[in-house]
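Mind docking chain B on chain A? Use the hints.
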Amino acid sequence: MENKVMLQLTGIVKKFNAGTVNEKVALNGLDLTLHEGDFVTVIGGNGAGKSTMLNAISGAWRVDGGTVVLDGQDITSLPEYKRSIFLGRVFQDPMMGTAADMQIEENLALASRRGKRKTLASGIRKAERAGYREMLSELGLGLEDRLSVKVGTLSGGQRQALTLLMAAMREPKLLLLDEHTAALDPKTAAKVLEITDRIINERKLTALMITHNMKDAIAHGNRLIMMHEGRIIIDVCGEEKQKLTVEDLLGMFSKAAGGEFSNDRAILS
Amino acid sequence: MGNFLGSMPGAVAQGLIWGIMAVGVYITFRILDIADLTVDGSVCTGAAVCAVLVINGVNVWVAMLAALAAGIVAGCVTWFFHVVLGIPAILAGILTQLMLWSANLKIMGGANVAVSARQFEGIVFTQMDVGGSLIWLAVTAAVIIGALYLFFGTEIGCAIRATGCNGVMSRAQGINTNVMKLLGLALSNGIVALAGAVLCQYQGFSDINMGKGAIVTGLASVIIGEAVVRKIGKNFALKLAGVFAGSVIYWIVYQTVVFLKLDTDLLKMLSALLVALFLGVPYLKKQLGMKSSRGGAANGK
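First to last, the protein sequences are chains A and B. All residue numbers for the first sequence refer to my numbering, where the first residue is 27 and numbers rise by one. All residue numbers for the second sequence refer to my numbering, where the first residue is 635 and numbers rise by one.
It should be emphasised that the hints constitute simulated quantities derived from the structure, not laboratory data. A portion of the hints provided could be inaccurate.
Away from chain A, derived, C-beta distances all over 10 Å, residues of chain B [as the list claims (entries may be wrong)]:
| no. | residue |
| --- | --- |
| 1 | N690 |
| 2 | I728 |
| 3 | M733 |
| 4 | L872 |
| 5 | V887 |
| 6 | L900 |
| 7 | L901 |
Pairs of lysine to aspartate or glutamate residues, derived as DMTMM-like cross-links and limited to a Cα-Cα distance of at most 20 Å, are as follows [to be verified]:
| no. | chain 1 | residue 1 | chain 2 | residue 2 |
| --- | --- | --- | --- | --- |
| 8 | A | K41 | A | D90 |
| 9 | B | K868 | A | D171 |
| 10 | B | K868 | A | E131 |
| 11 | A | K217 | A | E164 |
| 12 | A | K176 | B | D667 |
| 13 | B | K865 | A | D97 |
| 14 | A | K108 | A | D97 |
| 15 | A | K30 | A | E197 |
| 16 | A | K230 | A | E220 |
| 17 | A | K230 | A | D97 |
| 18 | A | K199 | A | D223 |
| 19 | A | K108 | B | E789 |
| 20 | A | K199 | A | D90 |
| 21 | A | K230 | A | E164 |
| 22 | A | K217 | A | E170 |
| 23 | A | K30 | A | E228 |
| 24 | A | K142 | B | D841 |
| 25 | A | K30 | A | D100 |
| 26 | A | K176 | B | E789 |
| 27 | A | K213 | A | D242 |
| 28 | B | K868 | A | D127 |
| 29 | A | K152 | A | E131 |
| 30 | B | K920 | B | E860 |
| 31 | A | K267 | A | D171 |
| 32 | A | K176 | B | E860 |
| 33 | A | K152 | B | E789 |
| 34 | A | K152 | A | D171 |
| 35 | A | K41 | A | D57 |
| 36 | A | K176 | A | E154 |
| 37 | A | K213 | A | D119 |
| 38 | A | K176 | A | E160 |
| 39 | B | K920 | A | E205 |
| 40 | A | K142 | A | E197 |
The model shown is predicted, which means the values in this text are computed figures rather than measured ones. Where a beta carbon is used, it is the ideal one built from N, C-alpha and C, also for glycine.
The following block holds chain A by itself, in its conformation from the complex (with noise of 0.2 Å):
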């Protein structure tokens, strides 16, 4: 039985530099459905569009063309800040996701109040703070004893463990991770991505990760996709997914993508 559709982009275009030498469409007319509870991991070489593809969802610039369509609302037209209300994200730069000089406890009450209406009420009640230091505890990073450190002094990988637990707070429809772990040594990226699995699987969300690694992208998820571009070339799922090994990918790439495989095969592996 097919789940309800979550995310439904339909023919996005975008162009940088429109109307100079430099013109780069970075996204070609890309269409891409999303199920409830979908985990899908999307790779592909320098400039394919993944990123993009991600900004065009949350909402850093309009699209030139196509629809964004979330849970049967179409979000195209919002801006940023009232499309995070249904949108979890975690950055490829771990300084990104929090604000440095604000405590780890502060960065969770304005999670915790994301897409709610800004008042003169105390910015942290007290009550919160329990909840805060279990869910920190889970992480097992030892955040949970210092609640009012300012984040500035995490590292990258506390950080990013941080920020996924920021994203996660308030039931996102969608989770969007840009390369959350590419900064991070790989023991911690291991760790990083172990925290993301869980998050993901205890909350039932449905995300789109961004990864460089191979390995990564056929690990994790139940879909996988490849982008060359701007569009999407390769889509697999279930159990084709489960069986796919770098090899697999590396080839399915160079029959979709031509000639470019030389180039970007440095690049994917």
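Structure of chain B alone, referenced to chain A:
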């Protein structure tokens, strides 16, 4: 020496008045991460509005509220230039500052307006009663510190702080960063104009030049204050108190320069150099630190 010590209460009073202004600068510079040059104009706007209303028989407290409101409007104009028209923050502030120059002349009907405490009843702050003024100034400072401490602990206050700290994160957390910048700029300039209103009472006149270099004086106070309270603690109220302390120290230094019969014309030069030094040192430290550590660890895009 008695003369020098005798001038100290006055210096402290000046310091507290300019400390109010410096708190406004702190809000934009440290919390919103915007260097807002509007303040050079909005100091005088607050003074002009207050002075003109008082000489027309309006209650002093009402006149001060009106000055606050005028400052808020000035902040909104800078916001409009910066956020709606996309003009860089520094230039947006300079444009408003220039507009205010004309506006201030029109409000005052000339280059200055006298509001002597001898002529007008109800003037709260005056250098004719430094002791009484000091008490009122201490109360004013305490109220401002307390109010801002509470405000920046609210949901709106936290959202403003997050906006200044990380705009991308703020929008990802559903915060309308444009609105938060508006609130921050309006609040900051409101407070700066209030400082102008207090200053015009204290010195007995409002003058078109009174805000010249206010941004630098304010930044110097913020920086001195940070150096003073850094060792004591990190509490936000303490930081605000530090801004007042920084401003008082600045004016004590000023009095000392006057007493030693040094050239006060050079004071603005020294202030500017001080600010440049303190803003430059962290940057230079970082540059030197980068060279000595491995350079490749930066996690770029």
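Going through the hints against the structure:
{"no.": "1", "hint": "N690", "result": "34 Å, holds"}
{"no.": "2", "hint": "I728", "result": "27 Å, holds"}
{"no.": "3", "hint": "M733", "result": "29 Å, holds"}
{"no.": "4", "hint": "L872", "result": "15 Å, holds"}
{"no.": "5", "hint": "V887", "result": "29 Å, holds"}
{"no.": "6", "hint": "L900", "result": "35 Å, holds"}
{"no.": "7", "hint": "L901", "result": "32 Å, holds"}
{"no.": "8", "hint": "A/K41 / A/D90", "result": "7 Å, holds"}
{"no.": "9", "hint": "B/K868 / A/D171", "result": "19 Å, holds"}
{"no.": "10", "hint": "B/K868 / A/E131", "result": "16 Å, holds"}
{"no.": "11", "hint": "A/K217 / A/E164", "result": "13 Å, holds"}
{"no.": "12", "hint": "A/K176 / B/D667", "result": "17 Å, holds"}
{"no.": "13", "hint": "B/K865 / A/D97", "result": "52 Å, violated"}
{"no.": "14", "hint": "A/K108 / A/D97", "result": "15 Å, holds"}
{"no.": "15", "hint": "A/K30 / A/E197", "result": "17 Å, holds"}
{"no.": "16", "hint": "A/K230 / A/E220", "result": "15 Å, holds"}
{"no.": "17", "hint": "A/K230 / A/D97", "result": "15 Å, holds"}
{"no.": "18", "hint": "A/K199 / A/D223", "result": "16 Å, holds"}
{"no.": "19", "hint": "A/K108 / B/E789", "result": "17 Å, holds"}
{"no.": "20", "hint": "A/K199 / A/D90", "result": "24 Å, violated"}
{"no.": "21", "hint": "A/K230 / A/E164", "result": "17 Å, holds"}
{"no.": "22", "hint": "A/K217 / A/E170", "result": "17 Å, holds"}
{"no.": "23", "hint": "A/K30 / A/E228", "result": "19 Å, holds"}
{"no.": "24", "hint": "A/K142 / B/D841", "result": "46 Å, violated"}
{"no.": "25", "hint": "A/K30 / A/D100", "result": "16 Å, holds"}
{"no.": "26", "hint": "A/K176 / B/E789", "result": "18 Å, holds"}
{"no.": "27", "hint": "A/K213 / A/D242", "result": "13 Å, holds"}
{"no.": "28", "hint": "B/K868 / A/D127", "result": "11 Å, holds"}
{"no.": "29", "hint": "A/K152 / A/E131", "result": "10 Å, holds"}
{"no.": "30", "hint": "B/K920 / B/E860", "result": "19 Å, holds"}
{"no.": "31", "hint": "A/K267 / A/D171", "result": "41 Å, violated"}
{"no.": "32", "hint": "A/K176 / B/E860", "result": "18 Å, holds"}
{"no.": "33", "hint": "A/K152 / B/E789", "result": "14 Å, holds"}
{"no.": "34", "hint": "A/K152 / A/D171", "result": "15 Å, holds"}
{"no.": "35", "hint": "A/K41 / A/D57", "result": "16 Å, holds"}
{"no.": "36", "hint": "A/K176 / A/E154", "result": "18 Å, holds"}
{"no.": "37", "hint": "A/K213 / A/D119", "result": "17 Å, holds"}
{"no.": "38", "hint": "A/K176 / A/E160", "result": "19 Å, holds"}
{"no.": "39", "hint": "B/K920 / A/E205", "result": "27 Å, violated"}
{"no.": "40", "hint": "A/K142 / A/E197", "result": "14 Å, holds"}
This entry does not satisfy hints 13, 20, 24, 31 and 39, going by the numbered hints stated previously.
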